Amino acid sequence: MLEDRPRQSNASRGALARAMVEIAQASSPEDTITLLRSQARSLVGADGIAIIRRDGQFCHYVEEDAIGSLWKGQKFPMSACVSGWAMLNKQTVVIEDVAADERIPQELYADTFVRSLAMAPVRQHDPVGAIGAYWAQRTQPTREQVEILEALANAAAAGLSKLEKTVDRANPASAASFKRPSSKDFRNDLAAVSAIPAVSLILDLALQLTGMGFAAVARVTEDRWITCQSLDRVAFGLKPGDELPIESTICNEIRDHRTPVVIDDVADDPIYREHHTPRIYGLKSYISFPIILSDGRFFGTLCAIDTRPAKVKNPLVMGTFQLFAELIGQHLDAGDRLRETQASLERERELAELREQFIAVLGHDLRNPIAALEAGTTRLLKEGWTSRSPIVLQLMKNSITRMSVLVSNVLDLTRARMGDGLQLETRKALLSETLSNVIEELRLSHPDRTIVAVHALHHTVDADHNRLAQLFSNLIANALVHGAKDQPVRIESALEAGHLQVSVINAGDPIPSHQIDKLFVPFRRGSSSSQGLGLGLFIASQVAQAHGGTLSVTSDETETRFIFRMPHA
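Residue numbers (UniProt numbering): 1 to 569.
Be a bit skeptical, because a hint or two may be false.
[What the hints assert, rightly or not] Below, a list of computed lysine-lysine pairs in the DSSO-like style, where the Cα atoms sit at most 30 Å apart: (1) Lys-518 <-> Lys-485; (2) Lys-311 <-> Lys-239; (3) Lys-313 <-> Lys-239; (4) Lys-239 <-> Lys-284; (5) Lys-90 <-> Lys-72; (6) Lys-313 <-> Lys-284.
[What the hints assert, rightly or not] For each label pair, taking beta carbons as the anchor points, the in silico distance ranges come out as: (7) Pro-488 <-> Pro-390: 34 to 42 Å; (8) Ser-194 <-> Thr-450: 51 to 59 Å; (9) Gly-548 <-> Arg-258: 34 to 42 Å; (10) Lys-518 <-> Pro-390: 39 to 47 Å; (11) Ala-497 <-> Thr-341: 35 to 43 Å; (12) Asp-256 <-> Arg-187: 24 to 32 Å; (13) Thr-460 <-> Gln-394: 34 to 42 Å; (14) Ser-436 <-> Ala-497: 17 to 25 Å.
It is worth saying that the hints were derived from the structure and are not from the lab. This one's a predicted model, so the numbers in the text were calculated from it and none came from an experiment. Every residue, glycine too, gets a C-beta built ideally from N, C-alpha and C.
Please put together the full structure from these sequences, using the hints given.
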């Protein structure tokens, strides 16, 4: 039975809130561990803290802060230690007397100061680690101490989740401390709320109306609670962009039932007097109203809190908060509509510009092969069949081929920009064979250039190999045209992190940074003297997208590298 003892001071509550924000926003797994080590012991009120990472079927004690040595740097089977028990059973464990508990490996504890402990898993539903608190005297940890330990574990889970989505899948080792995916970036949501001038006034009026000390607009999803805008008069410590572990908030429940929660005094509330959120943050009064958008989506909440009781459960306060929440929702809707209108206008402007470029460039590029055809037919009609006639016919055939390529590219552009995208005709074949065929064709057409291929791909791929050949041909041809003439064009292929990757590399002048973002826009030519419609890289990018892949570029004084990646099942 967990014991209830005197509550935290305001300073302690503020320290806990700040610690949870810092841990949830740590810039690396290592920083998460460092923050836990530096703050957990004093916040919990323990004689020692250990941070444990799950390593397969082992518990790795990676860090500690204690009055005596524990097990830093050591690994134990999950079945043989308490941290493993907490992770396997997905629950916090509290042991008042380590000498009397069968889950304790007595030989490991015999030479330590530990007499009592509490152990909380990091990410309870799918643990990746644990945090242990230890006491030198036999003691029953209070409910508050255990909830603080769990809150810190939740903060670590939230921070690690957020970090791991930003880790490049090709470099998973940089997230080696804990491995779980996180959720999306919410910068647009923060910007949308900050763009509403009325929010500052709403928060000020909310505090004046209730007499409470902290008010905020929060973005709330199934796994994130983020401060969009706040007014803090009690040093609670949350500012825009700060996060709290979603499990530690009442807003998480409001997202599910979409009804307000209003509490005058937690001690007198039959529903929330035993709730973990007021205990963790030392709250006495609370009011939170959902912000619902016009399409029914749940955006977040307008909330206010205080460490003192407040008279908020009355028609005036509740009606005003309802009005404020609806007003914020309407502003967000209006902002969405404005951004959609602006985006639509920008698309129309771009389309008009493309039409003009299309007419101008197509007229120019078709004129040359048509002129060649006209000159050839005129000569044949005038001279009849001569010894030079086969040469003239071959030149005319080349012009027809060039016109066919131009028309095909224009059709691809039309499908990509105005239709349903490029259509694929997939078949299983070796990607290395598709790539090798393209390279040989280009070697024949560019006998004075060197193309070096380094193949590490010998996989059968279910894809549209004709389209992939088009992509490779466009990339390599681009490198041959724009790369240094005295340097080879290199092609590297490999399977990395479940993705097929093909890189085309050339030496030469770097691509100016202001042109990088425009490389895959149609009708963009490397120079005014470049031949073609300027559709090659655009079509290559569309082929990549049609295969669920990406096409990217890096360029510096050393090399320019185009990288195609697509998933490989």
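Consistency of the hints with the structure:
1. Taking the CA atoms of Lys-518 and Lys-485, the gap is about 24 Å. The hint holds against a cut of 30 Å.
2. Between Lys-311 and Lys-239 the CA atoms are separated by roughly 25 Å; this keeps the pair inside 30 Å, and the hint holds.
3. Note on Lys-313 and Lys-239: the hinted pairing holds, with a Cα-Cα distance of about 26 Å set against a maximum of 30 Å.
4. Annotation: proposed proximity of Lys-239 to Lys-284 holds, straight-line Cα distance about 21 Å (limit 30 Å).
5. For the suggested pair Lys-90 and Lys-72, the alpha carbons sit about 23 Å apart, so the restraint of at most 30 Å is met.
6. Only pairs whose Cα atoms come within 30 Å are accepted, and Lys-313 paired with Lys-284 is accepted, the gap being roughly 13 Å.
7. A hinted range of 34 to 42 Å for the beta carbons of Pro-488 and Pro-390 is consistent with their spacing of about 35 Å.
8. The hinted window of 51 to 59 Å between Ser-194 and Thr-450 holds, with their beta carbons roughly 54 Å apart.
9. Between Gly-548 and Arg-258, the C-beta spacing of about 35 Å keeps the proposed range 34 to 42 Å intact.
10. At roughly 43 Å, the beta carbons of Lys-518 and Pro-390 sit within the given window of 39 to 47 Å.
11. At roughly 40 Å, the beta carbons of Ala-497 and Thr-341 sit within the given window of 35 to 43 Å.
12. Roughly 25 Å separates the CB atoms of Asp-256 and Arg-187, a value that falls within the hinted 24 to 32 Å.
13. Our hint of 34 to 42 Å for Thr-460 and Gln-394 holds, since their Cβ atoms are close to 39 Å apart.
14. A hinted range of 17 to 25 Å holds for the C-beta pair Ser-436 and Ala-497, which are about 24 Å apart.
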